[in-house]
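Number of protein chains: 2
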Amino acid sequence: MKEFDLIDQIVSILGEQAFGEWVRVGPGDDCSVIAVSPDCEVVSSIDSLYSGVHFPESAPPELVGYRSMMVSLSDIAAMGAQATYVLINLCLPSESFTWALECAKGIKRAAEDSGVFVCGGNIARGPLGITVSAHGEVPEGKSILRSGASVGDSIFVSGCLGGAASYIRQISSLTYESPHYESLRKAFYEPSSCLGLLSEVRGKATSCIDISDGLIQDLGHILDSSNVGGRLSSSLIPVNKGANLNDALFGGDDYQLLCTSSTQMEGFYRIGETTQEGGILVDERELSRRGYDHFLA
Amino acid sequence: MKEFDLIDQIVSILGEQAFGEWVRVGPGDDCSVIAVSPDCEVVSSIDSLYSGVHFPESAPPELVGYRSMMVSLSDIAAMGAQATYVLINLCLPSESFTWALECAKGIKRAAEDSGVFVCGGNIARGPLGITVSAHGEVPEGKSILRSGASVGDSIFVSGCLGGAASYIRQISSLTYESPHYESLRKAFYEPSSCLGLLSEVRGKATSCIDISDGLIQDLGHILDSSNVGGRLSSSLIPVNKGANLNDALFGGDDYQLLCTSSTQMEGFYRIGETTQEGGILVDERELSRRGYDHFLA
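For the protein sequence lines, the chains are B and V, in the order given. So the first sequence is numbered by the working numbering: it starts at 1 and just counts up by one. So the second sequence is numbered by the working numbering: it starts at 298 and just counts up by one.
Heads up, some of the hints might be wrong.
Simulated DEER-style distance windows between Cβ atoms [stated by the list, open to error]: (1) B:K241 with V:S444: 30 to 38 Å; (2) B:S172 with V:F301: 27 to 35 Å; (3) V:S444 with B:G15: 32 to 40 Å; (4) V:G317 with B:N244: 42 to 50 Å; (5) V:G312 with B:S94: 33 to 41 Å; (6) B:E286 with V:T395: 45 to 53 Å.
Don't read these hints as lab results, they were simulated from the structure. Note that this is a predicted model, so its numbers are computed, not measured. A virtual CB, placed ideally from N, CA and C, is assigned to each residue, including glycine.
Build the full structure now, drawing on both the sequences and the hints.
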């Protein structure tokens with residue numbers, strides 16, 4: 001198959017998710033062209049997943065496609081923004097065309113689940129990997145930053161933690177019959193983009209981040225940016241079935257939202273509060289901020 | 298060095314090119330936030346370069362950074378759009394921190410030369426490569442598409458062709474003393490983004506594309522999209538010093554603009570005209586559309 005035939009087939013798989021509403025020009029020109037709502041700003045983020053590093057070489061390509069979308073889209077959600085479109089760079093060894101077509105199906109499913117359009121991209125020859133640049137819009141000046149937490153805010157997470165880390169930790173021994181297999185597999189491959197929580201985040205969060213590097217490390221980013229400390233209760237932290245507290249505190253890849261707010265947030269778990277003193281206490285014990293570092297893992 | 302230290306150092310190298318004017322939130326949050334001018338649409342494109350595929354493993358990282366920017370920004374120019382910002386995904390083997398810092402210097406130089414801001418990105422562990430998503434803005438409905446050529450339009454290119462292909466073709470034998478070494482090296486590593494030609498493209502081009510896969514193949518995209526044919530005169534095609542006509546016709550990687558227009562375009566070379574009959578004639582001989590295919594090269 002030639003490159004342009006492969007692109008045609010991928011665009012055909014994407015179907016309605018490649019064109020529509022705010023997409024003025026979709027795949028097939030030098031750039032995509034996108035309309036932005038009046039009085040809105042654009043929010044943008046980029047993330048990549050490589051075979052053998054961010055997903056197992058044997059990973060089902062449909063799920064890699066799905067996961068790659070959610071990893072980038074959760075950044076849009078963490079800004080309190082509406083996701084609008086993504087661009088995708090697919091890097092393929094020459095024999096990977098079937099892989100690419102399966103991956104495109106997962107991308108399409110994630111686009112449908114998130115209400116975004118996949119309106120452009122690129123295919124390159126090289127090591128198997130996928131890079132997604134995700135884009136959204138937010139009313140001017142209304143993006144939720146990491147720096148907005150105040151002393152006394154409650155700290156919330158949007159869902160169970162540790163499942164993705166537990167899946168990767170046990171991957172060589174997990175089988176379909178393992179307890180909680182499906183829950184762990186889903187935590188890794190099919191995280192939520194959290195875009196469904198947008199109205200709650202917009203109305204109430206004083207700061208927000210998506211948990212990619214582990215709860216403690218990502219909470220550290222909010223606390224540092226906001227010049228506050230934090231106190232967590234381990235008994236309040238929602239731990240994924242089949243995961244342990246260590247996975248939930250230090251494991252990455254969950255892509256749940258971590259927020260602060262001065263009021264109750266519906267659909268979120270309250271796990272602690274911000275404090276005047278710096279640092280992070282868990283059950284009154286000070287923790288180091290060990291989390292996922294891409295170059296130490 | 299840890300990942301976050303590396304990011305800090307890169308942001309420090311980028312300096313003023315990471316923040317400014319239309320950048321509301323730069324590096325350091327989940328997303329960048331960018332203001333869009335009223336009555337404008339956003340144009341977006343993504344491209345990647347991998348070591349050993351798109352640049353030699355021994356390539357100077359400063360030049361790889363520079364080239365990666367121009368490769369993506371020429372797509373913005375080809376839409377008749379003003380480039381505004383880029384996001385960068387850097388994929389690094391664990392020992393490549395010095396490489397990354399040198400690469401950042403080239404990215405900064407390209408950003409200065411093009412008037413864009415590098416306001417976000419990501420660093421991943423994996424095979425050495427760089428992906429740039431480039432973004433710009435254009436007045437509503439004014440983007441220049443591949444489909445706008447009419448029969449009888451002149452065909453123009455913005456500069457010399459074949460230099461990048463000649464450089465790669467001869468790379469194992471080229472030395473500093475080779476004739477035209479500097480011109481060929483520059484054609485490959487420091488192509489122009491062509492953003493300086495924006496006013497001419499906006500006012501006059503009926504269609505436009507950047508030449509990434511070779512003149513004949515990329516002209517084919519314009520002709521197919523516009524339902525016209527083309528006739529070129531080889532004697533009118535500007536061939537880079539040290540390259541031959543074959544490089545100019547079929548070699549990729551030059552990133553010059555290829556336009557059609559019903560009027561003269563200043564600063565461009567007129568190389569032929571569009572015709573009623575389909576296909577491409579060079580000196581009245583019909584050519585096949587052989588160009589660069591990422592999976593046949």
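Review point. Hint numbers the structure violates, sorted upward?
Key: 1, 3, 6
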